[in-house]
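Model the full structure from these sequences, guided by the hints.
Protein chains in written order, with this note's numbering: chain A, 1 to 259; chain B, 1 to 543.
These are computed hints drawn from the structure, not numbers from a lab. Hints are supplied without guarantee of correctness; some may be wrong.
[Claimed, not checked] Just some of the chain B residues that point at chain A, by a computed CB distance under 10 angstroms:
| # | residue |
| --- | --- |
| 1 | A330 |
| 2 | I335 |
| 3 | R337 |
| 4 | S344 |
| 5 | G379 |
| 6 | S402 |
| 7 | T406 |
| 8 | L411 |
| 9 | T415 |
| 10 | A539 |
| 11 | R542 |
[Unchecked claim] Here are the simulated DMTMM-like pairs of lysine to aspartate or glutamate, each with C-alpha atoms no more than 20 angstroms apart in a straight line:
| # | chain 1 | residue 1 | chain 2 | residue 2 |
| --- | --- | --- | --- | --- |
| 12 | B | K412 | A | D72 |
| 13 | B | K297 | B | D130 |
| 14 | B | K413 | B | E543 |
| 15 | B | K322 | A | E257 |
| 16 | B | K474 | A | E73 |
| 17 | A | K127 | B | D323 |
| 18 | B | K412 | A | E73 |
| 19 | B | K413 | A | E73 |
| 20 | B | K413 | A | E217 |
| 21 | A | K240 | A | E197 |
| 22 | B | K322 | A | E221 |
| 23 | B | K412 | A | E109 |
| 24 | A | K173 | A | E217 |
| 25 | B | K322 | A | D111 |
| 26 | A | K240 | A | E221 |
| 27 | B | K477 | A | E73 |
| 28 | B | K477 | A | D72 |
Small disclaimer: the values here were computed from a predicted structure and weren't measured. Quick reminder that beta carbons are idealized off the backbone N, C-alpha and C, glycines included.
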Amino acid sequence: MVQQAAVTVEGLVVAYGSFVAVDNLSFTVHPGEVYGLLGPNGAGKTSTIKALIGVLQPRSGKIQVYGMPLSDEVAVKSQIGYVPEEVVLFDSLTPREFFEFIASVRRLEADVVNFRLERLACALDVKQYFDTPIAALSRGNKQKVAITAALLHEPKLLILDEPLIGLDARSSKILKELITFHAKKGGAVIFSTHIMEVAEKLCTRVGIINKGRLVGEGTVEGLRKLVKSAEGSLEDIFLKVTEQEKDMQEIIRALEEGQ
Amino acid sequence: MKIADLWRLSRTAYKEVSFQSIFSLRTGAILPQKEADIGRLARSAEVNTLISKIITTIFIAAFGFTIFLPTAIGMGLPKVPKEMVIVGGVTAFLAVLLFLIAFMGLQVATSLVSSKIVEVLSPLPLSKHDISWIVFLCFIKIFDIPLLIALLVFPVLYAFSSGSFLGGLASFLSIGVTEIFALALTMGLAGFFYSRILSGGGRSKWKALLRFIFLIVWILPSFGAYLVMNFAVQIAQTFASMTQILSSLQFIALIYPFSFGFLVSYASFPSEINYFILTLSIISSFGYSTLAAYCLKFVTSFIRRIGTGVGGVITPMREIVKDTIIRPQAPWFGIIRKDLRMASRSPSYASLFLLPALQTAILVFSFSFGEVGLSTILGMLFGMSLVTLLLPPTLLSIEGVSSAYTRSLPLKKRTLILAKTMLTTVIYAISLVVLFVAAVFLKKNFVSILAFGAVHTFSVAAASMLELTILANKFWKGDFALGNVYARLSTFILIIIPGFAMVLFPILAALIAYFLADYFVLTIFSTIAILEFATMMLAVLRE
Chain A
1 MVQQAAVTVE GLVVAYGSFV AVDNLSFTVH PGEVYGLLGP NGAGKTSTIK
51 ALIGVLQPRS GKIQVYGMPL SDEVAVKSQI GYVPEEVVLF DSLTPREFFE
101 FIASVRRLEA DVVNFRLERL ACALDVKQYF DTPIAALSRG NKQKVAITAA
151 LLHEPKLLIL DEPLIGLDAR SSKILKELIT FHAKKGGAVI FSTHIMEVAE
201 KLCTRVGIIN KGRLVGEGTV EGLRKLVKSA EGSLEDIFLK VTEQEKDMQE
251 IIRALEEGQ
Chain B
1 MKIADLWRLS RTAYKEVSFQ SIFSLRTGAI LPQKEADIGR LARSAEVNTL
51 ISKIITTIFI AAFGFTIFLP TAIGMGLPKV PKEMVIVGGV TAFLAVLLFL
101 IAFMGLQVAT SLVSSKIVEV LSPLPLSKHD ISWIVFLCFI KIFDIPLLIA
151 LLVFPVLYAF SSGSFLGGLA SFLSIGVTEI FALALTMGLA GFFYSRILSG
201 GGRSKWKALL RFIFLIVWIL PSFGAYLVMN FAVQIAQTFA SMTQILSSLQ
251 FIALIYPFSF GFLVSYASFP SEINYFILTL SIISSFGYST LAAYCLKFVT
301 SFIRRIGTGV GGVITPMREI VKDTIIRPQA PWFGIIRKDL RMASRSPSYA
351 SLFLLPALQT AILVFSFSFG EVGLSTILGM LFGMSLVTLL LPPTLLSIEG
401 VSSAYTRSLP LKKRTLILAK TMLTTVIYAI SLVVLFVAAV FLKKNFVSIL
451 AFGAVHTFSV AAASMLELTI LANKFWKGDF ALGNVYARLS TFILIIIPGF
501 AMVLFPILAA LIAYFLADYF VLTIFSTIAI LEFATMMLAV LRE
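Here it is as structure tokens:
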């Protein structure tokens with residue numbers, strides 16, 4: 001029996017007016033997989049993620065989450081835990097009030113959610129900020145609040161847009177463990193990052209996007225074969241696939257000559 | 001750095017503060033940040049700030065021409081000596097000026113206090129002294145037009161109309177002192193608000209009560225401005241009459257702004273001098289001017305603290321957390337609770353919540369002018385519903401700041417619409433209770449008020465659903481960022497006009513029925529209101 005994909009994206013096109021941010025993108029993520037979306041700034045990663053969670057209306061293409069079309073909005077979103085790239089929450093609320101709002105909208109049972117919340121708050125070290133307005137928190141602590149909120153309902157699919165930015169070493173390590181554990185339990189994770197070492201260590205597969213197109217996809221080993229490099233790191237592969245390697249060398253040479 | 005250069009740099013900082021007041025609401029929104037779009041927003045922000053300054057100036061000018069200047073040319077009240085009319089006029093004008101500038105200031109002070117312009121300026125090769133000057137000049141730019149017009153134009157016009165240079169000079173001093181008081185009030189409240197409310201969380205009932213008290217203090221200037229706008233002439237007359245009655249007490253000359261009223265009056269008409277009152281007014285005016293000098297020092301040091309980041313304008317408070325327990329509710333209740341919590345920390349939202357009840361309390365004054373007939377009741381209901389219907393777009397715009405996040409939640413459009421409709425209806429019902437209690441207390445046709453008010457609640461709920469449906473559909477399609485609704489006046493107006501029409505419809509029908517077949521007035525009124533409600537309910541449930 002074929003296992004149902006967690007996420008299926010076919011021919012996704014996202015455009016802002018005449019500017020096409022995501023161009024005919026297709027990929028699949030299976031349960032138990034950690035799928036890394038990599039790409040230079042402005043490549044279309046965040047647009048792809050926003051389309052996946054139904055925040056952006058794609059121009060065309062098909063997205064399915066656990067076999068459900070995105071039009072089945074409430075059912076799809078119930079399966080997803082999302083951490084946005086730019087953590088803009090309700091700043092005047094405290095984390096406790098924010099979690100109460102999230103738990104209410106997600107119709108979570110008080111006993112169950114309080115048990116999870118206690119564990120997550122201790123793990124991510126946010127308990128001490130529970131009654132401090134979100135506006136007064138540092139970026140890293142806001143990020144922790146967003147991560148906690150995304151995990152409250154134990155989603156089957158985690159979508160994390162640059163989740164490690166601003167996190168301290170301890171929380172970063174815990175989040176990585178959480179991601180790995182989530183995948184081991186059969187959940188799926190899609191996350192975008194600029195940190196190649198993290199992607200290399202965590203991801204089962206990566207998809208490299210450049211100028212809105214998928215220019216490389218597979219395991220790190222598979223990508224090495226693709227670029228005919230036996231030893232290159234994911235960073236080298238990334239630069240090669242996104243055709244930035246040559247430019248990089250020229251820029252570095254120019255900088256050195258300018259010294 | 002030269003002052004001219006600082007002035008030029010402050011223009012950039014000022015543009016940024018105006019821009020942030022709009023753009024911050026877009027953060028987290030779903031629209032792409034396209035260059036053309038940003039450019040349009042930047043222009044729109046500048047125009048908005050300019051419009052706000054012009055509107056305040058127009059109000060000041062209107063009160064200046066209707067209250068302040070007529071007294072200078074001898075227009076007055078029967079049986080009230082002209083010098084007392086001047087005292088009343090000047091006193092009322094100064095009170096208006098204080099409230100209007102403080103009201104306008106409170107709208108922008110928050111964006112200045114919370115703005116990040118210092119973070120942008122700090123890494124540049126500018127001294128702390130220069131940066132604090134830039135922030136100070138930026139602050140002045142926020143208020144420049146109304147402050148300058150009030151300070152320069154009116155004293156000159158007053159001197160010409162009264163023919164008294166000394167009177168003009170005294171009015172210049174009194175207006176200057178009032179402006180400084182208004183600025184100090186604005187910045188003091190802004191700082192207090194941020195340090196005690198926004199930066200301080202807390203879940204105890206005591207904290208919630210404290211927040212409520214601070215909010216009332218914060219929005220008092222708004223209500224003061226609203227009150228004087230509605231009853232300016234009556235206030236001026238009351239002040240003049242009061243002055244005449246209380247002048248025997250003489251010590252009224254010690255109280256601001258009466259002291260300046262006496263000063264201007266005696267400076268304009270030296271022949272009418274009461275030397276004892278004059279001495280008192282000179283002493284107290286000197287005292288208030290000294291206080292104004294201290295206030296100016298406070299304002300400049302406050303701005304400098306924003307400019308240098310020293311001294312902590314915002315002092316976050318950390319709560320001792322005992323547990324992590326939360327109490328989830330049904331989604332609609334969760335939304336309402338969240339909206340009320342957010343409103344309790346935002347004066348602009350809070351004032352909109354309180355405005356319908358306040359409007360009603362003010363409308364109740366008209367009860368004293370005679371019998372309360374059907375047209376008065378319907379007129380009142382219409383007025384109350386208009387103010388209430390400003391609330392739905394605000395309630396939806398609350399989501400705007402983190403609309404991208406809200407959109408990622410499994411939230412049905414209809415849940416959002418119905419929750420916010422429920423809140424709007426409750427706010428309207430509270431103002432109805434105020435009206436009903438006043439009517440019972442004054443023994444004025446309270447049965448009709450109760451009957452028509454209760455029925456009209458259906459129409460208000462329907463209108464609220466209509467406004468919210470239009471706005472939520474636009475939001476769901478990604479047509480615009482929710483928090484940005486006030487930056488797009490056309491969008492805002494197009495949303496509230498259908499709502500206004502909906503609440504007006506049963507009222508018009510009832511008035512027509514009153515002339516044609518008055519037995520059916522309540523029947524027709526009820527039928528239309530309930531039909532509107534049923535239609536909108538069906539439409540929302542289909543969403």
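Right, here's what the structure says about each hint:
1. For B:A330, the suggested interface contact is upheld, since its CB lies about 7 angstroms from the closest CB of chain A, less than 10 angstroms.
2. Given the 10 angstroms rule on beta carbons, the hint for B:I335 holds: about 7 angstroms separates it from the nearest Cβ of chain A.
3. Below 10 angstroms, beta-carbon pairs count as interface contacts, and B:R337 has one with chain A at about 7 angstroms; its hint therefore holds.
4. The beta carbon of B:S344 comes within 9 angstroms of a beta carbon in chain A, closer than 10 angstroms, and the hint placing it at the interface holds.
5. A hinted interface residue such as B:G379 counts as satisfied when its beta carbon comes closer than 10 angstroms to some beta carbon of chain A; here the least separation is about 37 angstroms, so the hint is violated.
6. Checking B:S402 against chain A by beta carbon gives a least distance of about 5 angstroms; that is within 10 angstroms, so the hint holds.
7. This hint holds: B:T406 has a C-beta 9 angstroms from the nearest C-beta of chain A, less than the 10 angstroms allowed.
8. Residue-level restraint check for B:L411 holds (minimum Cβ-Cβ distance to chain A is 5 angstroms; threshold 10 angstroms).
9. Using the Cβ-Cβ criterion of 10 angstroms, the hint placing B:T415 at the interface with chain A is satisfied: the shortest such distance is roughly 8 angstroms.
10. The beta carbon of B:A539 is not positioned within 10 angstroms of any beta carbon in chain A (closest approach about 19 angstroms), and the interface hint is therefore violated.
11. The restraint placing B:R542 at the interface with chain A is violated, with a minimum CB-CB distance near 15 angstroms, outside the 10 angstroms limit.
12. Using a Cα cut-off of 20 angstroms, the hinted pair B:K412 and A:D72 holds, with the two alpha carbons roughly 11 angstroms apart.
13. Distance hint between B:K297 and B:D130 is fulfilled; the C-alpha atoms sit about 17 angstroms from each other, no more than 20 angstroms.
14. Simply put, B:K413 and B:E543 have alpha-carbon atoms about 7 angstroms apart, close enough for the 20 angstroms limit, and the pair holds.
15. Restraint check: the Cα-Cα separation between B:K322 and A:E257 comes to about 60 angstroms, which exceeds 20 angstroms; the hinted pair is violated.
16. The hinted pair formed by B:K474 and A:E73 meets the criterion: a straight-line CA distance of about 17 angstroms does not exceed 20 angstroms.
17. Proposed proximity of A:K127 and B:D323 is supported: the alpha carbons are some 8 angstroms apart, at most 20 angstroms.
18. For the hint linking B:K412 to A:E73, the alpha-carbon distance of about 8 angstroms falls within 20 angstroms, and the restraint holds.
19. Distance check on the hinted pair: B:K413 and A:E73 sit about 10 angstroms apart at the alpha-carbon level, within 20 angstroms; holds.
20. Between B:K413 and A:E217 the CA atoms are separated by roughly 37 angstroms; this puts the pair beyond 20 angstroms, and the hint is violated.
21. Using a Cα cut-off of 20 angstroms, the hinted pair A:K240 and A:E197 holds, with the two alpha carbons roughly 16 angstroms apart.
22. With a C-alpha separation of about 49 angstroms, the suggested pair B:K322 and A:E221 falls outside the 20 angstroms cut-off, and the hint is violated.
23. At most 20 angstroms may separate the alpha-carbon atoms for a hinted pair to count; B:K412 and A:E109 meet this at roughly 19 angstroms.
24. Using a Cα cut-off of 20 angstroms, the hinted pair A:K173 and A:E217 is violated, with the two alpha carbons roughly 26 angstroms apart.
25. The straight-line distance between the Cα atoms of B:K322 and A:D111 is roughly 17 angstroms, inside the 20 angstroms bound, and the hint therefore holds.
26. Our distance criterion of 20 angstroms between C-alpha atoms is met by A:K240 and A:E221, whose separation comes to about 15 angstroms.
27. A C-alpha spacing of about 13 angstroms is found between B:K477 and A:E73, which places the hinted pair at or below 20 angstroms, so the restraint holds.
28. Note on B:K477 and A:D72: the hinted pairing holds, with a Cα-Cα distance of about 15 angstroms set against a maximum of 20 angstroms.
When each numbered hint is compared with the structure, violations occur for hints 5, 10, 11, 15, 20, 22, 24.
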